[in-house]
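**Q** Listed here are the chains, written in short residue letters.
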Amino acid sequence: MQASEIAARARKRGRTPPTDIENPQYFHKVVDCQWACPTHTPVPEYIRLIAQGRYSAAYMLNWESNVFPGILGRVCDRPCEPACRRGRIQVGDEGNAKDPSKKNAEPVAICRLKRVAADYKGDIDNLLPAIPTEKNGKRIALIGAGPASLAVARDLMPLGYDITLFERDPVPGGLMRTNIPSFRLPANVLDEEVGRILDFGVKTLFGAEIKSLKAMLGEGYDAIFVGTGAPKGKDLELPGRKEAAANIHIGIDWLTSVAFGHVEKIGRRVVVIGGGNTAMDCCRTALRLGAEAVTVTVRSPRKVMKASDWEIKDALHEGIPILDNHAPKSFVVKDGKLVGMTFEKMVQTGVDAKGRPKLEASGEIVTIDCDDVLMAIGQENAFPWIERDIGMTFNEWGQPAVDRKTFMSSIPGVFFGGDAAWGPENIIWAVAHGHQAAISIDAYCHGRSLVDRPKPGHTLVSQKMGIHEWSYSNNYDPRNRQAVPHATLEASLKNLKLEVELGFDDKIAAREVERCLNCDVQTVFTDNLCIECDACMDICPVDCINFIENDDEADLRMALRVPALNKSQDLYVSGPLKTGRIMAKDEDVCLHCGLCAERCPTGAWDMQKFAYAEAQAASACLSHHNAYLSA
Amino acid sequence: MSYIAKPSAHHPALPRNALGLTRRDYEGSMSTLCAGCGHDSITAAIIEACFEMDLPAHRIAKVSGIGCSSKAPTYFLSRSHGFNSVHGRMPSVTTGANMANRDLYYIGVSGDGDTASIGLGQFCHAVRRKLNMTYIVMNNGCYGLTKGQFSATNDKNSPSKKGEANPFDAIDLCQMAIQLGAGFVARSFSGDKRQLLPLIQAAISYKGFAFIDVVSPCVTFNNHPASTKSYEYVRMHNMASENKLDYVEPKEEITAEYDEGTSTSVELHDGSQLMLYKIGEGHDPRDADAAIHTIRTNAAKGTIVTGLLYVNEDQHDLHDVLGTDERPLNGLPMSELCPGSKALEGINARLR
Ligand SMILES: Cc1cc2nc3c(=O)[nH]c(=O)nc-3n(C[C@H](O)[C@H](O)[C@H](O)COP(=O)(O)OP(=O)(O)OC[C@H]3O[C@@H](n4cnc5c(N)ncnc54)[C@H](O)[C@@H]3O)c2cc1C
Ligand SMILES: Cc1ncc(C[n+]2csc(CCOP(=O)(O)OP(=O)(O)O)c2C)c(N)n1
Ligand code: SF4
Ligand code: SF4
Ligand code: SF4
Ligand SMILES: [Mg+2]
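In the order they appear, the protein sequences are chains A and B.
Counting in my numbering, the first sequence runs from 1 upward without gaps.
Counting in my numbering, the second sequence runs from 632 upward without gaps.
It should be emphasised that the hints constitute simulated quantities derived from the structure, not laboratory data.
Fair warning: there could be bad hints in the mix.
[Stated by the list, open to error] Computed footprint of chain B on chain A, listed as stretches where at least three residues anywhere in the stretch have a Cβ under 8 Å from a Cβ of chain B:
{"no.": "1", "stretch": "66 to 74"}
{"no.": "2", "stretch": "170 to 180"}
{"no.": "3", "stretch": "528 to 539"}
{"no.": "4", "stretch": "586 to 598"}
[Unchecked claim] Heads up, simulated DSS-like pairs for lysine-lysine below, C-alpha to C-alpha not over 30 Å straight-line:
{"no.": "5", "chain 1": "A", "residue 1": "211", "chain 2": "A", "residue 2": "98"}
{"no.": "6", "chain 1": "A", "residue 1": "507", "chain 2": "B", "residue 2": "875"}
{"no.": "7", "chain 1": "A", "residue 1": "405", "chain 2": "A", "residue 2": "98"}
{"no.": "8", "chain 1": "A", "residue 1": "578", "chain 2": "B", "residue 2": "838"}
{"no.": "9", "chain 1": "B", "residue 1": "838", "chain 2": "A", "residue 2": "464"}
{"no.": "10", "chain 1": "B", "residue 1": "702", "chain 2": "B", "residue 2": "838"}
{"no.": "11", "chain 1": "A", "residue 1": "103", "chain 2": "B", "residue 2": "787"}
{"no.": "12", "chain 1": "B", "residue 1": "932", "chain 2": "B", "residue 2": "787"}
{"no.": "13", "chain 1": "A", "residue 1": "464", "chain 2": "B", "residue 2": "932"}
{"no.": "14", "chain 1": "A", "residue 1": "329", "chain 2": "A", "residue 2": "313"}
{"no.": "15", "chain 1": "A", "residue 1": "578", "chain 2": "B", "residue 2": "875"}
{"no.": "16", "chain 1": "B", "residue 1": "875", "chain 2": "A", "residue 2": "464"}
{"no.": "17", "chain 1": "A", "residue 1": "334", "chain 2": "A", "residue 2": "242"}
{"no.": "18", "chain 1": "A", "residue 1": "464", "chain 2": "B", "residue 2": "778"}
{"no.": "19", "chain 1": "A", "residue 1": "578", "chain 2": "B", "residue 2": "932"}
{"no.": "20", "chain 1": "A", "residue 1": "567", "chain 2": "B", "residue 2": "637"}
{"no.": "21", "chain 1": "B", "residue 1": "702", "chain 2": "A", "residue 2": "29"}
{"no.": "22", "chain 1": "A", "residue 1": "303", "chain 2": "A", "residue 2": "464"}
{"no.": "23", "chain 1": "A", "residue 1": "103", "chain 2": "A", "residue 2": "345"}
{"no.": "24", "chain 1": "A", "residue 1": "102", "chain 2": "A", "residue 2": "138"}
{"no.": "25", "chain 1": "A", "residue 1": "497", "chain 2": "A", "residue 2": "507"}
{"no.": "26", "chain 1": "B", "residue 1": "792", "chain 2": "B", "residue 2": "932"}
{"no.": "27", "chain 1": "A", "residue 1": "203", "chain 2": "B", "residue 2": "932"}
{"no.": "28", "chain 1": "A", "residue 1": "232", "chain 2": "A", "residue 2": "103"}
{"no.": "29", "chain 1": "B", "residue 1": "973", "chain 2": "A", "residue 2": "578"}
{"no.": "30", "chain 1": "B", "residue 1": "838", "chain 2": "B", "residue 2": "793"}
{"no.": "31", "chain 1": "A", "residue 1": "354", "chain 2": "A", "residue 2": "497"}
{"no.": "32", "chain 1": "A", "residue 1": "497", "chain 2": "A", "residue 2": "232"}
{"no.": "33", "chain 1": "B", "residue 1": "838", "chain 2": "A", "residue 2": "103"}
{"no.": "34", "chain 1": "A", "residue 1": "29", "chain 2": "B", "residue 2": "787"}
[Said to hold, decoys possible] Which stretches of chain B does chain A cover? Using the computed rule of at least three CB atoms under 8 Å from a CB of chain A, they are:
{"no.": "35", "stretch": "798 to 807"}
{"no.": "36", "stretch": "935 to 946"}
These figures come from a predicted structure and were not determined experimentally.
For glycine and all other residues, C-beta sits at the position ideal for the given N, C-alpha and C.
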């Protein structure tokens, strides 16, 4: 170490105040997966329940949080996994689909474990909330039977609401039914979890398209929830579009037709335009309908494709080429029939201010022969059925203005959620919106403030069982992320309905659960007990803990044993210790192994489980959460 | 003692040294000492020192006697040579090893019991012979391993945990070492790594007998409020002889501002330097008498002088004194190692 450090200390500018661990959001944020989950599912808790073989309890904790564990355990967008702390500690051997030079991080397979809870659970009917036979006298209309509306129904039925669900399609589920192919999400899984909610006594009207909000407002409902999704797929107006119309399909509409059995085959050669998950579903579906050559074309480089890494990999695994830097130019028509598409190849000339590639046309034209084209270039919201003269405020993009906190539109009592609120998202966000909208609807119907949101529940309890014994599995298991078994390629491509991912069996699950670090078991520091013996700092396997002179946060971060460069992760800072120094812990890669607490002679460190549950409209939907909070 | 081993996972951004190793690669097995034991902290400083000096583990031999302190070598450098010897016999085992192989770095770890009681004679002769080694005493003022009896370094005014008085004056190992001719003598505190780390680095670089007495609280038997070897007491009565120490490796450039009046630097045999800042108010570490005077006057006041106490930059080690071969024994061909009966006869004849 050099004496330049002395000068640096002399330059000291400020101090970082001690961390306020009374604020529940501090420890909540340490639980990366739960924090990242839009519905804040208590992930480590359900993983421990799976480890104990308590699959039904694990399922119920999920069901209370995210309503569709069996569905989400298969097709969730899984924002929790890129957030998972384990992924910052372990990198695997597998390259990334978008950038093969980068190895993929190996977070815990949170999503697959959710499916394990669903696959292995027992009969849970007696664990569901009771639905009052005596209703509360309030009538609610839900428009659209996608996950957003269904979540609202789930949350409000136990409170005695009289709920009517209007759906245009003949069956419930929304895009989960019509667009997510059954080889990813089998119908029986969807039926079970959607049916569970409708069986609470929701009045359903299928084939009932709502054509006028004005008329709906006149029906005397106490509140209306719009969960109609973002139903319009974008089109491309290129030369030849009209002439070749018979063989050009909007991706999401085409997937719907396939789901309902209206379309059972497709041409021999198919081009799919687009780089998102819809394109991946389109190309894989086309292959199963008998296409011999399916090609995906994307305008931008592979690196910035929107589709998830695993969805791209599944398409590549099925032998589908993905051609990037291909900008569609025209449809080639011969004798009134589509015979191909031309593309102009793009070249990257740099990056823009946001780091996205800047593309320029190269002048090189490529023709791909094809019999059908599927367009999967995005969706937009369309509300032709909302009259413009009924007092609804529309924003600059022509969309209804919806309050981000209350989910209410400018018409009191009319709420939005899911893709209908702010454009296409995913199922778990639709559910999160549903929970919040249900809270607002309940408050609205009872004349309470919509702005004062109910507070989350949280507890912090020591996990110490003996001198070196903890109530959780604190050992670090170095094992790699477990791979999920797949059906054979041959069988899969022959059967549109055959589920490709087989899920973990109980043995694979038993290995994967041990990879979870139990980030909810917090390292809690009591500064007046510390004698500054350094034992915790010396034992910590990942050099999280520091005893150091206080400084402003930026300098403090750089002065740690290993500089804390990941700013999205907090520093846990103590008050002054006896020598005047402070304890500063970088939460970033803490293994939650408890060794700091084991090596501390005074109990200044303790491992305490932080249980956290978001509030919901009906406490009856939180009975497993309440048990978890009080355990 | 923990049930789990220290996880193999380490911080993904953990720095690597010139050998491409992280400090985790210098660890040993997990400590079985009491939680909070000062010895573990010294272990951590040794790990850090060897890591920062880019030392290859196979060039180091760690030798110890018996005691909690003497167990400590198990907890660092698991890939080095090691010998956990008999109580108080670390110096003679090290002497033998060093005579046989002068190319290794010898790190001797001992306790105050191991050194100042049963091993006192061994200690004196290792110093006197100027054995090229780093001799670290983890000094907790008691026999930790045998449940905390007073050791010979426990201060007279420092009673046992149960209040039993100590009738004897303490042996001051640093004073003894200086008197017996040690070339590098330092004292430090397990709770002050900022001071301890450069001292260990300099001691390892020093060619000759380098001694560090590290006050190391025994959390279980000698960390009570009346003990003079407790965390609290040492923190309150620690008189550092320098504001700051810097160990600067030969390859590194000295970048610090260097004030002649208040700073000095000690050149070590391998070209590295120990920079001492603000020594002006203290004693000159090249002056053995001044060093002993400083230790004694402060001890009379109940203060513990820490830092580099004495250094002799021109010491010659045992190999120099004896004029031994430049090569370790394992590098000598058999014909030289065992020159035969003729040569023996020649030697015998010379001594007749
Ligand atoms: C191809 C594709 C694949 C996807 N894959 C995934 C995935 O793997 N994971 C994931 O999390 N998300 C996925 N998504 C996104 C996800 O399906 C949606 O974000 C989610 O379903 C939105 O839920 P919602 O309740 O807001 O609306 P939707 O699910 O869109 O449901 C809206 C419902 O409202 C009905 N409706 C619309 N207008 C009216 C009207 N006027 N009257 C009556 N009924 C009406 C519709 O028929 C529909 O049933 C995918 C989307 C697509 C297009
Ligand atoms: C020959 C012999 N005599 C006595 C003992 C018992 N004994 C074991 S450790 C120890 C004292 C160790 O004290 P110290 O060196 O200070 O080590 P600490 O445990 O305090 O670190 C004694 C007396 C022994 N092991 N061998
Ligand atoms: S629990 Fe403690 S010892 Fe373990 S990684 Fe976290 S801070 Fe380090
Ligand atoms: S182990 Fe405990 S007493 Fe020692 S420094 Fe860490 S928190 Fe403080
Ligand atoms: S008894 Fe004392 S010396 Fe031995 S391990 Fe415990 S604290 Fe350390
Ligand atoms: Mg001792």
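**Q** What are the numbers of the hints that this structure violates, sorted from low to high?
**A** 1, 2, 5, 6, 7, 8, 9, 11, 13, 16, 21, 22, 24, 27, 28, 29, 30, 31, 33, 34, 35, 36
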